[in-house]
Amino acid sequence: MIKVENVTKNYISGKVKVRALDNVSLEIEEGECVILSGPSGSGKSTFLNIIGFLTRITKGRLWLGDEEVSHFPDHFLSALRREKTGFIFQQFNLLSGYTTWENISLPLVPMGVSEKVRRARAMKLLEELNLETRADFMANELSGGEQQRVAIARALINDPGIILADEPLSNIDAAHVKIVVDILGELKKRGKTIIASFHHSQNEMDKLVDSTVYFESGKIC
Amino acid sequence: MILNNYIITYLVCSALSLFLGLAAAINGFRIWKKWDIKSEADEQYRLEKQVYLIITVLSLGFFLRLLMVPLWFWTLHSMIISIPGAMCLVGVHNINAPTSYIASSLKLVLPALYGYWLILNMLDRQIATQPFIKQKLIFLTPLGVLILAETILDITFFFSTPPRQVSCCTSLFDIPREDILRVVTESTWIWVVIFYILALMILGEIVYFLIAQKRSILPGRGRWFGKKSVMFSETIGIVVALVVFIFALHTKISPLFLGLPFHHCVFCLGQEVWDALVSFSMIFIGLVLLLIYFWIVSSTRYREVNPGLSGNMVMLLKFSGSMLALGLIILSIHLVLAL
Amino acid sequence: MNLPKHINICLTAAQNLRRYKAKSLAIIVPLILVMATISFMMFSRGGFVKDAEVARAFLPDVTVQGIYAGRVGKISLHMKTEIGDIPHVKQVIPRVWGYLPLRIEETDAAFTLMGLDLNHALYGKKLPWTVDTGSFLVPGDRNKAVLGAGVAVSFEADVGDRLQIEDTLGNKGEFEVVGILNDIVQVYSTDLIIVSIEDARLFFGYGEDEASDLLVYTDAPENADMVAWEITLMADNTRVLTSKALTDLVKEAFGRRGGTFQAMWLMLLVAVLLLVWAQSAHISVDVSKEIGILKAVGWGTGEIIEMRMMESLIMGLTGASTGVLFGFVYALMGTPGISGYCIGCASIYPKFPVPVHCDYQSLLLLFVIGVMPLMVVSAVPAWLAGIIDPDDTIRG
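Protein chains in written order, with the numbering used here: chain A, 1 to 221; chain B, 1 to 339; chain C, 1 to 396.
Just so you know, these hints were derived from the structure itself, not from any lab.
It should be emphasised that the depicted structure is a prediction, and the values quoted were computed from it without experimental measurement.
All C-beta atoms in this analysis are idealised placements derived from N, C-alpha and C, irrespective of residue type, glycine included.
Hints should not be assumed to be uniformly reliable.
No more than 35 Å apart at the CA atoms, straight line, and that leaves these computed lysine-lysine pairs for DSBU-like [what the hints assert, rightly or not]:
| # | chain 1 | residue 1 | chain 2 | residue 2 |
| --- | --- | --- | --- | --- |
| 1 | B | K33 | A | K59 |
| 2 | B | K49 | C | K80 |
| 3 | B | K107 | A | K84 |
| 4 | A | K59 | A | K116 |
| 5 | B | K34 | B | K49 |
| 6 | A | K3 | A | K189 |
| 7 | B | K33 | B | K228 |
| 8 | B | K134 | C | K21 |
| 9 | A | K178 | A | K207 |
| 10 | A | K124 | C | K74 |
| 11 | A | K192 | B | K228 |
| 12 | C | K289 | B | K318 |
| 13 | B | K49 | B | K214 |
| 14 | B | K107 | C | K21 |
| 15 | A | K188 | C | K21 |
| 16 | A | K116 | C | K90 |
| 17 | A | K17 | B | K107 |
| 18 | A | K124 | C | K244 |
| 19 | A | K189 | A | K219 |
| 20 | A | K84 | A | K178 |
| 21 | C | K21 | A | K192 |
| 22 | A | K15 | A | K207 |
| 23 | C | K289 | A | K17 |
| 24 | C | K289 | B | K134 |
| 25 | A | K192 | A | K207 |
| 26 | A | K59 | B | K107 |
| 27 | A | K17 | B | K228 |
| 28 | C | K21 | A | K178 |
| 29 | A | K188 | C | K172 |
| 30 | A | K207 | A | K84 |
| 31 | B | K318 | A | K17 |
Pairwise CB distance ranges (calculated) [to be verified]:
| # | chain 1 | residue 1 | chain 2 | residue 2 | range |
| --- | --- | --- | --- | --- | --- |
| 32 | B | K38 | A | C221 | 45 to 53 Å |
| 33 | B | D275 | C | A14 | 35 to 43 Å |
| 34 | A | N6 | B | L326 | 28 to 36 Å |
| 35 | B | K38 | C | D392 | 53 to 61 Å |
| 36 | A | K116 | C | R18 | 47 to 55 Å |
| 37 | A | E128 | B | K38 | 24 to 32 Å |
| 38 | B | T235 | A | S114 | 30 to 38 Å |
| 39 | C | L233 | B | D275 | 43 to 51 Å |
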């Protein structure tokens, strides 16, 4: 269970303070698929980053299960990121100097998993995603759709309970949209909590969604 | 002023150590003043980031300090030829005593203090509330002062070596004295016996704690954890054991191991008898780690986090006990062979 | 302690250095140059000091020289008996020697002509050299010489050749070369021309009862200081040198010279460190993005800092090891090109091979000098990289 209670998040850019989230509260149950919807700049990505432990809240409280994690120090948050959540980024965010399998296994490096095991786990995921032939390609040698699937594989390498996806369908062609939606559907079947943000409504996701949360000007409407 | 490769290398290390120590102390004090876990998240996050700089600097500083221990004694050794009358490290120390003796003592004390900080930091980082954070931040201030004092002593030592004849270990230790020093210059077994009694008592205490911990009947749980009196009494006990150990080395063990009835020089012993050096180091490390153990469990914060830390603390206790026991075994074997 | 984690981070750091080859080499190459320079000086200094220590075993326990008007001069042989009567003195042997300023192939090479009393058996035991080619002088040999390796090379002389010597002061002599010394203790033997004491007296114009110094051998080396003290009390106009004092003098001279050179070259190391600082403190957009992504997928601030520090450690160890290796090879080759400027012995023997000695203490000093400053300079840039916010990177 993820619980967000009266959360406010400010960003400071020079002398300007921008309120990205304003007193937001939400509770997401385990195994739920929640869509965060709203226009650009409405705060849905910030919300996703907060529940993905990528950034701190300015005010309020954040709960993961029974534990309040609002004041967790950085090394606890990074452990949560690699063990509890898998993040699929809008821009894929693969490291260009690394091969496909190395990109996928990056979260396992600070966990002390040996290279042999890392590669084996990455290869298993690549096979599931029909990308095994691309294992030793450099990340920048892959197509957009392939990059998105590699990014999904990286998010799944630790078998996390929570999958966070920021605009997962926006940078891929129609053929790949179905593949990604099928993957998310499969994950939901396995009991994963899926929280995804979309700029526009996505009909392809309708059958998966348990609830939709609409954001506007940093608030939940 | 004497300038050779050892002195230059040592001075470089000393400068680096001072830079790291002062950076940690100044930052530590600033963060300590502002640290408030419940404050505005952004400000707290900024402080938390700065703590990482301190951890980086202290970890690096610890390795540097470890390197500086042998380097310091090699540097002093390299100066023997430059100081008339000096035949070993005692002569070199005497050229600028007591500065040199204080500086040498700090070489051993500072790594122990760094070790305390790093162990405290390791424990602190295992609990989300970081219970020791303020304690470890403010500890950096006296540490910084000590490093500064040590650097000043080192510079004074190297840059103002007077051109004069010094007395060395033979003249220092062989002539019977009428003053209080006589008690530690006479060849007697008494200090060796007292040291063994103390060391065995300490080992017994460790074994008792470990058994009690295993059976979950740790004595005084909730009573003496977090009490300053525990830290005080254990500190006194261990410091007494260390001092008695040095007396034992000086009065009996050195002449016995060196095979020269009037040669009491602990420095010569360390250089010439390697297994003795290993055993002394182990005994020293064992006692210092034990001291660190008691300092931590005597912290008022420890009561709040225990038993969250018990696993690590048991490991620390086991390690310090093993070091002490192994050191004693090596020393005892050498003593038996020497006899 | 999670050792596999640290191994993984170390391997990733090594991969990063390979990925950013140009940047890594820009730091490693200057470090290699500086470390090679510092290390060949340290190894050469070590060679001289080691030579001095080895030579001490062969030196007389005490050397007594005459002093006239505050300067070293001839010593009268009547002192030989007086010194011989001092307790613990085993033997007193006269020696005649002097420098030969010669001009060979437009160099300012100077050699040492040494006349030995060939009748004394102790020489056979105590000489700091062995004969490589030919044989050593025997009692009764006249107009014969044994040459140090450096002399033989300079004169292109071999066993059986006749060596004509005329120094710039007009002293003349002609000797048959009967042997060439080997190079066990180069600092003492390479510039030597050894002849009989009678030939040396003739060459330098000494009287029958005169010598340059008296070599005193004691029954045990521990008694040398006491004997030296007795001689000092007995004869005012003498300079009494123990073998320890002579050895310490060489150690002191080269120890301080080594220190001075190291201090100078450290300036260059500081320049390398500034380069490292400039390169590491500036975090490019690409690097910043890479770190942000690593943190977003679960790397912590501590792990990023550790990775960056590992990169510095690997660079430092690579640069220092390679530099030390180059320095050692260069020292073994005789520091071609600059030995005269650095070591200060080119004017004595033109083809003198600089001795080399390397021990674990020197290696530790070199690695401390090469690696630790680099690590310290990298600490703040590593921290700056470590605290990059993943959120900032992801949001662009």
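Given hint K228 of chain B paired with K17 of chain A - CA-CA distance at most 35 Å: violated (47 Å)
Restraint check for K59 of chain A with K116 of chain A, where alpha carbons must lie at most 35 Å apart: Outside the cut-off at roughly 43 Å; violated.
35 Å limit on alpha-carbon distance, applied to hinted pair K289 of chain C and K134 of chain B: Satisfied, since the Cα-Cα distance of roughly 33 Å is no more than 35 Å.
D392 of chain C and K38 of chain B - C-beta distance against the hinted 53 to 61 Å: violated (25 Å)
Holds or violated: K124 of chain A to K74 of chain C, with C-alpha atoms at most 35 Å apart: The given pair, whose Cα atoms are some 92 Å apart, is violated under the 35 Å limit.
Pairwise hint evaluation, K318 of chain B against K289 of chain C, where the allowed Cα distance is 35 Å at most: Given pair K289 of chain C, K318 of chain B is violated - Cα atoms ~44 Å apart, limit 35 Å.
Agreement of K124 of chain A and K244 of chain C with the hint, judged by alpha carbon distance not exceeding 35 Å: Violated, at roughly 73 Å.
Restraint status (C-alpha distance of K189 of chain A to K219 of chain A at most 35 Å): holds (30 Å)
Agreement of K21 of chain C and K192 of chain A with the hint, judged by alpha carbon distance not exceeding 35 Å: violated (42 Å)
Holds or violated: K17 of chain A to K107 of chain B, with C-alpha atoms at most 35 Å apart: Answer violated: K17 of chain A to K107 of chain B is near 50 Å, above 35 Å.
35 Å limit on alpha-carbon distance, applied to hinted pair K188 of chain A and K172 of chain C: violated (106 Å)
Satisfaction of hint between K207 of chain A and K192 of chain A, Cα-Cα up to 35 Å: holds (16 Å)
In the structure shown, a violation is registered for the earlier hints numbered 2, 3, 4, 8, 10, 11, 12, 13, 14, 15, 16, 17, 18, 21, 22, 26, 27, 28, 29, 31, 32, 34, 35, 36, 37 and 38, in ascending order.
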